[in-house]
Amino acid sequence: MRRIYFISLFIPVLFSGCNQSSSGEKTGETGDKKLTVGVTMLSMQNEFIVNVSDEIEKKAQESGVELITVDAERSALKQIEQVESFIAQKVDVIIMNPCEVEASSPAVTKALAANIPIINVNSETTAKPSAFIGSDDVESARIAMKFIAEKLGGKGNVVMMHGYMGQAAQIKREQGAREILKQYPNLKLIAHQTGEWDRAKAMSLMENWIQSYGTTINAVFAQNDEMGMGAVKALTDAGLKDKVIVVSIDAIPDALQAVKKGTLDATVFQNAEQQGAKAIETAIKIAKGEAYEKETLIPFQLVTKQNLAKFMK
Amino acid sequence: MENPVQTDRNPVGISTKNRIRGIGQYGIFIAFILICLVLSVVTPKFLTVSNLTIVVTQVSINALLAFGVTFVIITGGIDLSIGSTVAVTSVVAASFAHPDTYPVVVPILAGLAAGLLLGAFNGLVITKSKVPPFIVTLGTMTIGRGLALILSKGRPVSNLSDSFNFIGGGHLLGIPTPILILIVFFIICSVVLKKTVLGRYMYAVGGNEQAAQASGIQLNKVKMVVYTLCGGLAALAGILLTSRITTGQPNAGVGFELDAIAAAIIGGTSTSGGTGTMTGTLIGALLIGVISNGLDLMNVTSYYQQVVMGIIIIGAVVLDSLNQNKN
Chain A
12 MRRIYFISLF IPVLFSGCNQ SSSGEKTGET GDKKLTVGVT MLSMQNEFIV
62 NVSDEIEKKA QESGVELITV DAERSALKQI EQVESFIAQK VDVIIMNPCE
112 VEASSPAVTK ALAANIPIIN VNSETTAKPS AFIGSDDVES ARIAMKFIAE
162 KLGGKGNVVM MHGYMGQAAQ IKREQGAREI LKQYPNLKLI AHQTGEWDRA
212 KAMSLMENWI QSYGTTINAV FAQNDEMGMG AVKALTDAGL KDKVIVVSID
262 AIPDALQAVK KGTLDATVFQ NAEQQGAKAI ETAIKIAKGE AYEKETLIPF
312 QLVTKQNLAK FMK
Chain B
508 MENPVQTDRN PVGISTKNRI RGIGQYGIFI AFILICLVLS VVTPKFLTVS
558 NLTIVVTQVS INALLAFGVT FVIITGGIDL SIGSTVAVTS VVAASFAHPD
608 TYPVVVPILA GLAAGLLLGA FNGLVITKSK VPPFIVTLGT MTIGRGLALI
658 LSKGRPVSNL SDSFNFIGGG HLLGIPTPIL ILIVFFIICS VVLKKTVLGR
708 YMYAVGGNEQ AAQASGIQLN KVKMVVYTLC GGLAALAGIL LTSRITTGQP
758 NAGVGFELDA IAAAIIGGTS TSGGTGTMTG TLIGALLIGV ISNGLDLMNV
808 TSYYQQVVMG IIIIGAVVLD SLNQNKN
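As you go down the protein sequences, you meet chains A and B in turn. With this note's numbering applied, the first sequence corresponds to residues 12 to 324, in that order. With this note's numbering applied, the second sequence corresponds to residues 508 to 834, in that order.
Calculated directly from the structure, the hints in this document are not laboratory data. Any given hint might turn out to be false.
Pair ranges (Cβ atoms, derived) [unchecked claim]:
{"no.": "1", "chain 1": "A", "residue 1": "124", "chain 2": "B", "residue 2": "811", "range": "40 to 48 angstroms"}
{"no.": "2", "chain 1": "B", "residue 1": "687", "chain 2": "A", "residue 2": "88", "range": "47 to 55 angstroms"}
{"no.": "3", "chain 1": "A", "residue 1": "161", "chain 2": "B", "residue 2": "678", "range": "33 to 41 angstroms"}
{"no.": "4", "chain 1": "B", "residue 1": "678", "chain 2": "A", "residue 2": "284", "range": "40 to 48 angstroms"}
{"no.": "5", "chain 1": "B", "residue 1": "725", "chain 2": "A", "residue 2": "273", "range": "52 to 60 angstroms"}
{"no.": "6", "chain 1": "A", "residue 1": "189", "chain 2": "B", "residue 2": "657", "range": "33 to 41 angstroms"}
{"no.": "7", "chain 1": "B", "residue 1": "805", "chain 2": "A", "residue 2": "124", "range": "22 to 30 angstroms"}
{"no.": "8", "chain 1": "A", "residue 1": "296", "chain 2": "B", "residue 2": "805", "range": "51 to 59 angstroms"}
{"no.": "9", "chain 1": "A", "residue 1": "95", "chain 2": "B", "residue 2": "642", "range": "29 to 37 angstroms"}
{"no.": "10", "chain 1": "B", "residue 1": "687", "chain 2": "A", "residue 2": "114", "range": "42 to 50 angstroms"}
{"no.": "11", "chain 1": "B", "residue 1": "762", "chain 2": "A", "residue 2": "88", "range": "17 to 25 angstroms"}
{"no.": "12", "chain 1": "B", "residue 1": "610", "chain 2": "A", "residue 2": "226", "range": "36 to 44 angstroms"}
Here a beta-carbon is modelled for each residue, glycine too, at the ideal position from N, C-alpha and C.
I would like the entire structure built from these sequences, with the hints used as guidance.
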């Protein structure tokens with residue numbers, strides 16, 4: 012249903028992209044000064060991104076803003092084309108959820124050159140947009156690793172599972188984890204390896220680590236919940252879960268269930284709703300010429316058994 | 508339909524091929540033993556019962572996929588869709604595997620049906636359209652990935668029953684169930700390939716399609732069966748994976764087809780068709796598993812793991828072509 016909706020939204024964008032005169036007509040029609048906001052999202056296959064987009068849509072409807080939402084399907088090239096067509100349609104503001112730090116940058120430059128304000132939501136680009144709304148991935152890993160450090164009393168052996176090597180989220184989450192490790196010299200990172208964000212891969216990796224390090228592992232930090240769940244399964248099968256702390260990031264429904272059961276010790280929640288709401292609020296402020304924040308950082312929150320109820324839907 | 512004269516002629520052709528294959532197979536077997544020896548010396552954690560058990564458990568999924576793709580490659584085809592079949596099966600099986608809903612045979616049968624259907628679809632399009640299998644199965648790969656996302660609405664399907672989770676996570680007589688499943692299907696696939704008329708037809712079709720057709724073998728029937736079988740084995744791998752990680756994953760199995768094809772090729776299955784054995788494929792899969800496990804034990808980064816794996820694949824193919832030239 013949602014897909015059909017987005018496709019139907021995408022069709023006029025395509026047409027106006029090819030034919031500039033028709034887009035002129037379209038802006039002419041909105042003579043009642045109804046704001047039009049173009050939104051391009053990284054991937055509508057990603058649960059988190061869908062949540063951000065849903066909130067933008069909800070808030071836009073409440074404020075009577077017309078939205079044109081498109082899916083970039085993880086392609087920076089496609090995203091740039093989408094922004095170009097937003098420019099051709101003369102939308103009032105563009106909200107972009109960038110696919111890539113570098114490769115999506117030209118979209119920002121082009122929008123600003125055409126005098127259309129552009130807001131980056133959730134992740135950054137090297138080119139500076141009119142405003143940024145998101146959370147700092149480095150911070151999420153700091154929170155996770157800090158939880159491990161405190162649980163272990165600042166002493167013990169940790170293993171870390173990376174996402175796809177070289178992706179922005181992987182780099183930042185590694186950076187945050189290492190910052191905390193530096194503060195606790197007795198907390199040792201004995202092994203780290205990629206689990207490619209994948210549950211099955213992470214499970215095999217954890218099994219291999221158990222063979223190689225056995226009971227010397229005190230804690231696992233997985234850079235996302237999928238991998239965290241894989242680690243939990245391997246540790247449970249080996250009868251070691253009670254002795255090893257597992258913490259991961261994202262707070263997906265499965266992870267929240269696992270925190271409830273006590274198999275996952277903690278996860279870190281990134282607030283999709285607030286990111287979406289702030290993005291559209293800022294877009295309206297910019298369009299109306301009101302004062303707005305250049306950068307809004309939505310804080311991450313640690314989810315443990317104690318505060319779990321707040322996050323379960 | 509059966510023509511005793513021609514079926515008699517085929518085994519003769521195969522036996523010479525089997526002899527050539529024998530050399531390649533020993534080569535890969537020797538390489539496998541050597542790598543195991545090196546790993547045992549380098550890391551004391553490698554040669555333990557518990558570690559080897561884990562390696563074989565981890566290998567089981569890739570091996571099942573590789574058995575299926577070995578059938579296909581022997582007939583001169585290829586199947587790129589099996590990774591996506593794993594995802595579809597995973598989602599379908601998981602949807603029927605919630606606790607207190609259906610008995611455990613239902614998710615198994617539903618998953619198998621999904622895989623067999625996708626396989627049969629491949630077979631049907633390939634035989635009816637004469638479009639190369641590479642392209643048809645590339646299309647099915649994308650269709651399958653989309654289907655898995657549609658069926659699951661892009662979210663993992665969790666909360667599965669204990670009896671379902673036993674399939675890939677349980678033990679029988681102290682042996683992990685995936686290993687038992689692997690052994691059973693290794694035997695079945697070997698028998699099908701070596702001891703049945705169907706198996707002989709597969710070699711014949713891959714060895715020389717015109718000759719096979721001239722001798723009365725119904726090409727389309729053989730291909731149809733082979734792609735369906737491949738889909739069925741992929742479904743089995745998908746069920747095993749789902750049960751092992753206790754969730755249905757629409758994103759599961761990305762790139763699995765390449766690991767499976769690699770296992771078959773390392774094991775001496777020729778991409779030009781007509782040659783290959785299940786024993787070779789099993790050793791190929793074990794080799795991949797052992798290397799990945801060994802490098803993990805030594806905490807070698809995945810960057811090097813990929814390089815090592817690539818070198819081994821190329822090495823195996825070079826070995827294979829040298830053997831063929833000798834002939």
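Point to revise | Hint numbers not upheld by this structure, sorted from lowest to highest | key: Violated hint (a single one): 7; every other hint is consistent with the structure.
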